[in-house]
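*Asks:* Based on the sequences and whatever the hints tell you, model everything.
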Amino acid sequence: MNLHTEKVVKLTMVTVGSWLVAALVFFPIFWMILTSFKTELNAFSSPPSLFFWPTLENYQVVFERSDYFRYAWNSVVISFVSSIMAMVIGLPAAYAMAFYPTARTQGVMLWMLSTKMLPPVGVLVPIYLLSRDTGLLDTRTGLVIIYTLINLPIVIWMIYTYFKDVPKDILEACRMDGASLWQEIRHVLVPITMGGLSSTFLLSLILSWNEAFWSLNLTASSAAPLTALIASYSSPEGLFWAKLSAASTLAVAPILVFGWISQKQLVRGLTFGAVK
Amino acid sequence: MSQLSRNARAARFLVAPSVLLLLAWMTVPLAMTLYYSTVNFNLTIPGPRNFVGFENYIFFFTDPSFFAGMSNTIVLVGATLLITVVLGTLIAVLIDNPFPGRSLVRILLISPFFIMPTVNALVWKNLLMNPVSGFFAFLSKSVGMTPIDWFTDVPMLSIIIIVSWQWLPFAILILMTAMQSLDQEQLEAARIEGAGLVAVFIHVTLPHLARPLAVVVMIETIFLLSIFAEIFTTTGGGPGTQTTTLAYLIYSQALLQYDVGMASAGGIVAVVLANIVAFFLIRVVGKSLAGE
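If you read the sequences in order, they're chains V and R.
The working numbering numbers the first residue of the first sequence as 56 and each following residue consecutively.
The working numbering numbers the first residue of the second sequence as 350 and each following residue consecutively.
Be careful, since some hints might not be right.
As the list claims (entries may be wrong) - Below, simulated DSSO-like cross-link-like pairs (lysine-lysine); rule was C-alpha separation at most 27 Å, straight line:
| id | chain 1 | residue 1 | chain 2 | residue 2 |
| --- | --- | --- | --- | --- |
| 1 | V | Lys223 | V | Lys319 |
| 2 | V | Lys223 | R | Lys636 |
| 3 | V | Lys219 | V | Lys319 |
| 4 | V | Lys219 | R | Lys636 |
| 5 | R | Lys636 | V | Lys319 |
Derived by calculation from the structure, the hints in this document are not laboratory data.
From a predicted model like this one, the values you see are computed outputs, not experimental measurements.
*Replies:* Set out below in structure tokens:
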């Protein structure tokens with residue numbers, strides 16, 4: 056076998072193997088989407104039907120009956136507001152630590168990271184009681200406060216690593232020109248790091264959207280986001296698989312797309328800059 | 350005062366809000382948990398809270414569920430780590446070189462990570478693992494086997510599969526990124542010298558991946574110790590205590606049995622455990638911070 060055929064054989068094997076693995080990993084999502092277009096009877100049939108007349112009935116039912124839009128709106132409001140707040144609070148901190156480091160900066164950064172490692176169950180009782188006593192239980196405000204705080208360290212770390220990548224000369228030049236702090240951030244830094252800042256925002260959005268410990272424990276109905284709506288399908292009556300699939304597909308679709316867009320940048324945020 | 354030092358002074362104040370907020374978030378609830386863990390406090394029993402010393406801790410440690418919760422947590426975290434790290438490494442190496450459709454393959458592979466835990470759990474439990482009409486039951490029947498009743502017969506294994514599916518993409522994503530910084534010339538040199546695929550993997554690829562692997566293991570451990578929604582929506586900790594982890598045990602003591610004292614003692618135990626892992630992670634991350 057000459058070198059060329061050997062290469063072709065190897066490439067074919069890698070291609071087929073990779074596609075096979077990818078298909079296996081993605082299968083549950085594919086199956087969920089497929090089931091969402093079946094009738095309940097079809098969804099439950101064994102052997103499962105692969106070819107069927109697709110129906111949008113489940114989506115209709117989900118929209119009408121389970122008050123889907125209220126939950127979706129809660130998810131949107133909670134994750135967007137908490138991500139914006141984390142960015143607004145975190146960006147100045149990341150700026151200061153990246154460009155005006157002091158002897159304590161490294162310690163502060165690591166300490167911020169350590170707050171992320173506090174297991175939620177360790178503070179479940181006090182947070183539950185504090186929320187109850189301040190009237191924040193089952194409110195969007197309550198969840199926004201918590202999500203802002205749990206995402207703040209990740210946001211600061213991620214922005215910090217992007218700011219560190221900015222060439223020092225550019226900032227020096229603009230300081231020599233006498234630019235104020237605000238001008239420097241607004242007109243130089245933010246435009247340069249726009250890509251990084253948007254990925255930071257997306258990661259925060261994804262984490263808030265999918266967060267399911269606090270949303271399940273601190274909301275009942277009025278502030279419940281999509282994670283809680285889906286959880287309510289765990290004790291169903293009658294045929295419900297197709298409707299569960301439809302509700303699930305709607306709940307994960309937007310965030311799945313965000314994830315695809317930002318996949319390459321996510322590594323930084325998820326590893327606190329330890330892997331780039 | 351020059352513009353430069355004025356900016357430097359202003360910069361100090363920019364860190365303050367974040368530090369104060371995180372300080373409050375970290376210390377206030379933790380101090381409360383610590384206090385609750387030493388008093389007699391049940392939400393259903395009104396009256397004064399008496400100081401009971403270490404009684405809650407003794408009750409927590411001698412509760413038969415504690416041993417189950419502890420060993421279940423170790424099994425869940427250990428098995429999930431093993432599955433995600435081994436498969437993640439193999440897949441990251443497999444898709445490292447260009448092939449047709451690589452970017453689509455990558456997108457398909459990392460997708461499970463973006464699925465919310467409650468959707469993940471319910472799709473697996475119903476659509477795939479249901480013993481009558483689930484997809485796996487269909488597969489078993491079509492090769493003439495009796496379908497497995499996943500959540501009755503092997504509840505912990507079912508949870509492990511669900512959680513591993515969610516975290517495998519995380520390992521792939523990190524290791525795939527780390528693979529890109531592997532020196533191609535070094536790989537080429539090893540191959541020219543006649544090293545086989547396995548030898549190259551062991552002597553070149555694995556050492557290169559050592560640090561990213563450590564990061565994956567530690568970050569996953571921290572998140573896996575707190576796995577909650579997947580258990581909450583599928584087994585509720587059962588049957589019996591077969592899928593009750595430490596996190597789920599504390600939740601059920603607090604919000605199902607309203608025993609705040611005991612749940613708080615458990616909470617402190619969970620914090621201490623997580624801190625042990627965090628200690629090592631922070632050292633690794635600190636090194637990379639200092640190395641810049």
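*Asks:* Could you tell me which of the numbered hints above are not met by this structure, giving the numbers in increasing order?
*Replies:* No numbers; nothing is violated.
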